[in-house]
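Given chain G, put chains V and Z in place with the hints provided.
Listed here are the chains, written in short residue letters.
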Amino acid sequence: MSLFDSIKNALNENPFSGHYKINRMRPPGSVDEKRFMKLCVRCSRCVEVCPYDVVKRSTKTEYGEIGTPFIYAEEAGCHLCMKCTSVCPTGAIDPKVTEMEQTSIGIARINEETCNNYIYDRQESGEEADGMAALCSSCFNVCPLQHEAIRLENGLTPVITEKCTGCGLCVERCPTRPRSISIIPKDMPDAATAGYYHFLKRMGK
Amino acid sequence: MITDITRRNFIKAALAAGAAAAAGIAPEKAGAQETAGAAVDNWVKGVCRMCGTGCSVYVGVKDGKMVAMKGNVDSKTNTKGFLCVKGMNIFKVAYHPDRLTTPLIRDAKGKLQPATWDEALSLIEKKFKEYHKKFGYDSVAYYGSGQCTTEESYTFNKLWKGGFGSNMVDGNPRLCMASAVGAYLGSLGSDEPAGAYEDIEKAKCIFLTGSNTSEAHPILFRRIARYKKDNPGVKVIVCEPRRTKTANIADLWMPFKPGTDAAIFNGMAREIIKNGWHDKDFIANHSRFTKGDGSEEITFEEYVKFIDKYTPEFVESVTGCPAAHVKQASEIFAKSGASLSMWCMGLNQRSNGVFANNLVHNLHAITGMFGKPGADSFSLTGQPNACGGVRETGSLSHLLPGCRPVAAEPWRKKVEAYWKVSENCINPSKAINPKPGMHAVKLFSSLGAENDETKPVKAVVISTTNPAQSLPNTNRFIPGMRDAFTVVIDIFPTRTAQLASVVLPAAFIYEKGGVYGCSERRSFLTTKAVNPPGEAKPDLWIACQIAKRMGLGKYIQWSGEEDISKMNEMAWNDYTGCTANTEKTLKGATYARLKKSVTGVQWPCPDEKHPGTYKRYVPGMDPIFDDPARYGYKIPENVKRIYFYGRPDGRMNVFCRGHENTSEQTSKEYPFLMTTGRVLEQWHTGTMTMRIPETAQAHPNSFVEIHVNDAKKLGIKQGDMVKVESVRGYNILPARVVNMTLEGVVFVPMHDQKADRMVNFICSDVIDAGSSEPDYKVSAVKITRFSGPKNVAERYVVDRKELDNPKFS
Amino acid sequence: MSRCRRIIQWFFFLLMFIVPALNMLEIYFIKGTYISMDVGELAVSDPLAVLQAVFASHEIKAVMIASVTLPLLIAVLLGRVWCSWACPYYLILDGIEALRKKLGLKPLKPVYSESGPSKANFFRYALLISGFILVGAAGVPLLYLISPPSVLSSQAVMLIKHFTLTAEFIFIPIVLIIETFFVYRFWCRFFCPTGTVLSIFKSSKGLRVEYSGSCSGCSRCVKACPMVLDPRKDGASSQCHNCGECVSICPDNRKTDTLKFRIK
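Residue numbers (the working numbering), protein chains in the order written: chain G, 1 to 205; chain V, 1001 to 1809; chain Z, 2001 to 2264.
Hints are computed from structural coordinates only; laboratory data are not their basis. All the pointers check out, no bait thrown in.
One-sided excerpt, in silico: chain G residues whose CB lies under 8 angstroms from chain Z:
1) Glu48
2) Ile66
3) Val87
Under 10 angstroms between C-beta atoms, here's a sample of chain V residues computed to sit facing chain G:
4) Ile1219
5) Val1679
6) Pro1700
7) Arg1736
8) Met1740
All C-beta atoms in this analysis are idealised placements derived from N, C-alpha and C, irrespective of residue type, glycine included.
Isolated chain G, as found in the complex:
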């Protein structure tokens, strides 16, 4: 890595810069973002208990989120083992959520422009073939709720259903670059509901 790249990365990845808004979820069973930010005491217990090491502590300062747990789907998705729900001392992660089907931390969204199987389907259905269509189905294969949260239309094009928990495993495994599937985390893109920013808003700023 060149010096320029190092400087660029250091600047871009410093703890005071903004967070990415997609592919970044709360642990499974988390209450809605607004309450989560209030209840989470940053004790790291969910980080500690995660057997896959996918729950990470945030280092970003935006909206006072530092120290709160996040799952970064592009690095590693959540396997929904539900170990973290029972350890939260304040109920920021709801201890009543014990089955993966109850979880809802986001929803996956497929970029049909870049998804391998959608390109394949378009060329199969008559669009001019250019030899660039590559079949995969990795998102379907890895989904813990196969056929329920994701199904393959005509055995080819993946379709996300309402049962998607937003675990992010499909994002982790997607072989295209950039990823053709991403998790829209619950509430997260809506900055208005998070942290002290919300307070300032209430004060009319």
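Just chains V and Z now, kept in the frame of chain G:
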């Protein structure tokens, strides 16, 4: 209470937000591939080497480096140039930092030290000569692969069988296709399918059994699925223990307990005949009913009596497949008008593999589903060149070029004369040995150290395959490979290289070129696109160097050449000359023609003007009928419909094969049946695909699929680490709790290289009595919860450092 | 007594690293950090953390009350023993003090002044109250950022599990540098929100240092007190965290009970 807003509102909001977010991140169409495509100097024609479909591709070369890949839109195999994610990224393999670039010799301390080619080859020469003298010519063996090019397999085969007078030549197709070979020879009289992929788009009923086509042959699966979607009248029947993606498109899924499907096929035959759906003309004129090994002919009535006990209810009691499904499948199959069966390892890798294959052929014989468009009994291959390179060149211990038995004297004499064995052979016998050599499992169990008197095989050359990971019950074979003089030719460090005495760095397919022949008898030429890195050399060059040093330089005429393309061409011409007068003739597929062709050529193709053959055994389509005498066949004048010229009477055999299950059975201690298989993103032992970042990430480790009810009983939750143990060995794998397998059946993919996830430590090494193919598909195991979830997504590969470690980790 | 205290301090210091390590070995009998911990079926939480969550979210859950019961009971009965007998940060400060002594550096400890304790109390309670107001207004439990045991313990998890530290750790070296070179134990005395919350619950009937009324007046106890108190006067002060240094150093104790722990 999970959320304040309702689930539906949230999804709506999320999708709206998602669209906005996506606008910010949406990349250019088709991603990096296309941009790379624009910057390519030239596209070089080739073929994908990651399954038996034989997808034809173009490799994009820029500044002497491969930078992109695209499908060949004119292709007849991967129509419209479709590829899967493996094929699209295959070129990345060549530039992985683990590539072997110098020969390595294991020193006295057990460390592999870099050496020059001369040192490595001299050592091989010394050892081979010593062993030939001390232990006889059969003490040195060759173990090839369905991934070697035809030229390479043919050269090694010629070197061993004619040059050394030894039949100690076998290959990994023994582990995948041998049963299909046995059954094609037994039932039809000549190896390889009669039809082609284009039968898919002509069939009215497609019967998939013993094949998870969607994962193992994804491009063919799409052909089937798309055809079915466009023609809803077409019926697809899937006969498989797991409800796979393949089964999801099927009209009828016939589940059964692994190892019992023979009863289903017999049950279908009974149902068809009982209802009078059989083809009386075909049975009368083109079938021969037989018992046992095929020598004793019986009448149709006797056959009907034999299968009479296979009532649907009896089948259900044996297999677990609902009786109604058997009835329904029989009706669809027999009345469709054109039924196409396709199968793969689910039938071949079985202790009764040949029998299971025979029984599928039987179904086609009694319904007359042969010789018409869309009707065929088609065995899919797993490797890109198992058909072309190994079956057709006869690179198995019991075969000669043309896929004819080495024991058959007339053909052996012909090959001897063609090769001029009597002049060149270094073996004092001056002839090809009429006795077949050892098959893979026997070869590796007979492999051992110099001073081990119980082990007759002392040295082996292993090319382009990884038996230390791919043989069943691997533990049994590891010491032999470690103790013997093992030469491994490969592009990457593998489990086998870890045991090798000499490791030779090979060239990747696009760095050498050569011909691959796929499942549908189609030969396709890969042109050399780039130079191999470092001192890596093509296998063909290595074969020639060994030949020269063993005093056979004149015998392998192309060993004098230095240019690999010229060597390939000479070897190809020698091979096509050798089989010119067999039904496998590719005499018309000259290098010049193959270079020009964008579709490849299907044999029989006797001369350059012949377009190649879509359907065999059918007068007017198969060129053998034009001049049967040339190929040594006698065909009567007035043949109607079809004539199986490989059989002396021109009728195909219908065998009486029972449903005796010779596979490993469950017991109180080992109550589960384990079956193994592929996933789309990985291939074989993962040597290549685990090194492609995209595919490695998509499937970074093996797992075990357990039915949800079994998991509940055993207290296993999704993700728990589970110990899967047979009498032979164990694996520790993360559990995937699913409802798509049958209860009592577990499934493990086979690609992981990590020692405690190498599934072949568990697999049964029972072999088929007819084909000597091991039974990978049925092993009795016990399942216990080992620990809670662990992160094992490590994409483990054996690296260069690991080669000095004598233990697997 | 002081050796006994040291052993317990080390035990808690190491536990911080051992618990996540045990978790990785799938031993879940004890799990959590010093913000919240489960021992068997017993849930224990830092009262500060729970109070913040209550203030920020305006909701009280049974699990919150249950988990602070034990810590508060200990605070009522034994005072702020957490600070001196368990807090990992306190152990580090003890270490720094010993190091300074070894290096022969001048002691930083200020001279005792009568008004000192009440000024310190006023300051830290005011800070805590304003902190809680901020937490309530912002809706984010921010005080964990300035509670050394919380930061240390959660960072220990990061270190053991992910082999990284996150940004909030920077607080620890900054405070330590000030403590080492400039102001004596200023964080524990004036700032620490965890200690302050525990102080609130210290009862005058609970464990405390009691002075018999007369002594030889050597003032060694004043010199020994890490919180800059006069144990003879401030034995029951909410600032005293019952470390027992004064009790073990008092020479008069050998003859009669002069400076002793007392409960009830």
